[in-house]
Each structure stands twice: as C-alpha cells, then as structure tokens.
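Colleague: What follows is the residue order along each chain.
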Amino acid sequence: MKEILLIAFAAIITENFIFSRFLGICPFLGVSEKPSTAAGMGFAVMFVMTVSSALTWLVYEFILVPSGLEYIKTIAFILIIAALVQIIEMFLKKFVPALYQALGIYLPLITTNCAVLGAALLNIQNGFNFIESVVFGLSAAIGFTVALLIFAGVRERLRFATPPAAFKGIPILLVSAGLIAMAFSGFAGISL
Amino acid sequence: MSNIKKIFTDGLFDKNPILVQLLGTCATLAVTTSVSNGLAMGLSTTAVLIFSNVFISLLRKFIPGEVRIASYVVVISGFVTAIELLIKAFLPEINKSQGVFIPLIVVNCIILSRAESFASKNSVLYSALDGVSMGAGFTLALVIVSAIREIIGSGTFLGMRILPDSYEPALIFIMSAGAFFTLAFVVAGMNKILSAIKKKSQKEGK
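Protein chains in written order, with the working numbering: chain P, 76 to 267; chain C, 245 to 450.
Mixed in with the good hints, there may be bad ones.
[Said to hold, decoys possible] Chain C is faced by these chain P residues, among others (derived, beta-carbon under 7 Å):
1) Pro183
2) Leu184
3) Cys189
4) Gly202
5) Ala236
6) Thr237
7) Phe242
8) Ala252
9) Ala256
10) Ser260
11) Gly261
[Said to hold, decoys possible] Below, in silico cross-link-like pairs of lysine-lysine (DSS-like), each with a Cα-Cα straight-line distance of 30 Å or less:
12) P:Lys109 / C:Lys436
13) P:Lys243 / C:Lys332
14) P:Lys77 / C:Lys305
15) P:Lys243 / C:Lys305
16) P:Lys109 / C:Lys340
17) C:Lys443 / P:Lys243
18) P:Lys243 / C:Lys436
19) C:Lys249 / C:Lys436
20) C:Lys250 / C:Lys443
21) C:Lys444 / P:Lys243
22) P:Lys243 / C:Lys365
23) C:Lys250 / C:Lys444
24) C:Lys250 / P:Lys243
25) C:Lys443 / C:Lys259
Keep in mind that the hints were calculated from the coordinates and are not lab data. The model shown is predicted, which means the values in this text are computed figures rather than measured ones. For each residue, glycine too, the CB sits at the ideal point set by N, CA and C.
All chains, please: the whole structure from these sequences, using the hints.
Modeller: Have a look at this one:
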C-alpha cells in the first residue's frame, strides 16, 4: 500500500509530468487558454492515460515478452494508443453523447501527447506491476490536469499584462510556466 | 537552385522548428541540461527526420489519404526504434542520460509535421534536403539553449570548465524552471530579430 501511495504522490507532485519531466508541453501551451477547456482536456487525458497504461502493460507482459519482441514496444504502444483513442471516441459518440460533446475535440489531440506514450514507457522502464502501472498512469494524468488548471488560471491574468513586444505570445507563457515550475521544485526535497 | 536555398533558410532560420514554430518543446526543455545531451538529441532526431522524410516521400503515391497519419506514425516509429537500438548498442552513456526521450522522438511533432507538410508532396531529393535542414535547425536551437544552460548553470561547456573557479554556478538553470526561462529568452530574442528584419524590408519596400 505504501508503495502505491508513494508512486501516486511522486507522479502528482514531486515529479509532475509538466514541471519536472517535461512531458505533454504541447497541449499544456495549446489548450490552457481557459480553465474550462483545460479541465476538458485534463479529464480526457486522465481517461485515456489510465486505460492505455493498463492495456500497454498487459500487451507488453503477455504478448511482447513471451514472443521475445520487447524491442518493438515503441511501435506497439503508439499503435495501441492511437487505436484506443479512436475506439474511445467512437464509443463515447454512440453511448455517452453528452461526454462526447464535452471531450470530443480533445480526443484526437491525445494521440500525439507525449505524456501518454511517456507514461506507458516509464511503466515498463520502472518495472511496475499491473496495479502500480494503472496507479502511475492515473496519477500522472492528475498531475498533468493540476498543472493545466493552475496555468489556465495564470493565463487569465496574463491577458491584461503588457510584456515587452518580443515577449508577447509564447515567451511570456514560458516565463510564467518557469515561475510555477520553481514553486513545484520546492516539493523536490519531500520524501514519504 | 533557389528552391534548395529556400529549404535551408527555412529550416535554419525562417521556419526554425523550435525558435519559430515551437514544435518539439518537450524534448527541448528536457534534454538541454548540457551541450552534449542537446547535441545527442539533435543528431538522433535529425537522423530519424531524414530517413522518415525519404521513406514517406518514396511512398507518397501509395499511401491512401485516409490512413496517411497512421502510416506515417508507423514509418517514424520504425526508424526511431532502429536509432534507439543503435544508441543502446554503441553509445550506452547517451542512452542513460536521455532516458525515455529517445523513444519519445516518435511523438515529436517536428517529424510528423514535416512528413505531412513536406515529404508527402515533394520529390525524394528535396525531402531528404528538407530533413537535413530542419534537423540542422533543430540541433542548432538545442545547442544554443543547452549552451546557455550549461555555461550559466554549471560553468562548463561540453564538460570543460570555462568560467573561473570563483564563479558560483546558478543551479536554477540546470533545474526545470531554468529550462522554461532559457527557452523564453531565446524565443524572445528570435522574435526581436525577426521583427527587426521585417521592419527593414518594409522600409526598403517603400
């Protein structure tokens, strides 16, 4: 139990995917315009990352390892993730249209979110078992969502800021992200 | 001939993948803690980019439009796996320092964006040159960012001490916050240069 909590805590706070591992920066800069879109993207990522962590672990352990094909894991995982996103999209469209309306536009973007592939690969690299992999996927996604929501809040304020001309747009966003990363690095010393 | 020149100025400057298009920021922020890391990432991405551009350009008349993105991803991840295995076999130290970011070249948007916007429409030779030029632009930007971070953050360049011993390295530049700050300033500098050039050409136009 302690290990599970430790994995979750590390993935959400001390080794936050955005601020300390730098995974998923593109959607982080792209869809953090408003808190509502940030929350939508966050929930979509949580959903996909939890399921994909479970699925990639099972495929790796029960198909790739027995047949000695560990080296094609990158290709296998990216295909699993792409297929999974497609299936989830079709499933939601058919059975939960309300949720599809809310998450629909974010789903295709998730295939190229390196946080999802990153989590799948890190599960294998860290030698996690099935439960640990699922917990890691879910908590990494929670960490991603937390970062996205904080940043969306900051961006609402930034709209009224007047940075120097050269800093307009992306550079000022990067500076703000750096300041939040500094706050997050304060957690680095904590160990349970 | 002017086409070839344009391919190179686009990759290195006008459409530089990191400094102008802001593609592949994850890798840029994560591996630029030292110049050797940045250079290794830049070169491995360039290799993948050249091979995938050539291959996709060769197949551009056979891949049906509806499944093209999926096909590109399979081609790209094949080459990434090949590069990953080569690095593991011959450069184990680099494999250790780059960690999960070598396989993550698969989802580096630069490669997919060149496949979609260039290699799928142009001849093999031009696609190969585009791969070289975009890869060079990516590597150049990585080296700039990592040089700033390594010199200020640990007082060294390629592992050699270049600042006097009395200099206390500013550790923040090696940490994650420093990655964001350095990239912010480099991109802002690039914006400044581009707008200055624009102004100049407008003046000359009048």
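Colleague: Per the CB criterion, is Ser260 of chain P less than 7 Å away from chain C?
Modeller: 6 Å, holds
Colleague: Is the hinted pair Lys443 of chain C and Lys259 of chain C satisfied, with a Cα-Cα distance of at most 30 Å?
Modeller: OK: Lys443 of chain C and Lys259 of chain C at ~18 Å, within 30 Å.
Colleague: Tell me if the straight-line CA distance from Lys243 of chain P to Lys365 of chain C falls inside 30 Å.
Modeller: 33 Å, violated
Colleague: Have a go at the Cys189 of chain P hint: is there a Cβ in chain C nearer than 7 Å to its own Cβ?
Modeller: Constraint on Cys189 of chain P satisfied, holds at 4 Å.
Colleague: Sort out whether Lys305 of chain C lies within 30 Å of Lys243 of chain P, counting only the CA atoms.
Modeller: Between Lys243 of chain P and Lys305 of chain C the Cα gap is close to 42 Å, so the pair fails against 30 Å, i.e. violated.
Colleague: Would the pair Lys109 of chain P and Lys340 of chain C pass a check requiring their Cα atoms to be no farther apart than 30 Å?
Modeller: Violated: Lys109 of chain P and Lys340 of chain C sit about 38 Å apart, past 30 Å.
Colleague: Does Ala236 of chain P pass the interface check with chain C, least Cβ-Cβ distance below 7 Å?
Modeller: 14 Å, violated
Colleague: Would the hint linking Lys250 of chain C and Lys443 of chain C be met if the CA-CA limit is 30 Å?
Modeller: 21 Å, holds
Colleague: Between Lys243 of chain P and Lys436 of chain C, is the straight-line Cα distance small enough, at 30 Å or below?
Modeller: 11 Å, holds
Colleague: For the pair supplied as a hint, Lys243 of chain P and Lys332 of chain C, confirm whether the alpha-carbon distance does not exceed 30 Å.
Modeller: 41 Å, violated
Colleague: A closest beta-carbon separation below 7 Å is what the hint needs, so does Pro183 of chain P meet it against chain C?
Modeller: Check failed: Cβ of Pro183 of chain P comes no nearer than 10 Å to chain C, outside 7 Å.
Colleague: Taking only the CA atoms, is the gap from Lys109 of chain P to Lys436 of chain C under or equal to 30 Å?
Modeller: 28 Å, holds
In terms of the numbered hints stated before, the structure departs from hints 1, 2, 4, 5, 6, 11, 13, 14, 15, 16 and 22, listed from lowest to highest.
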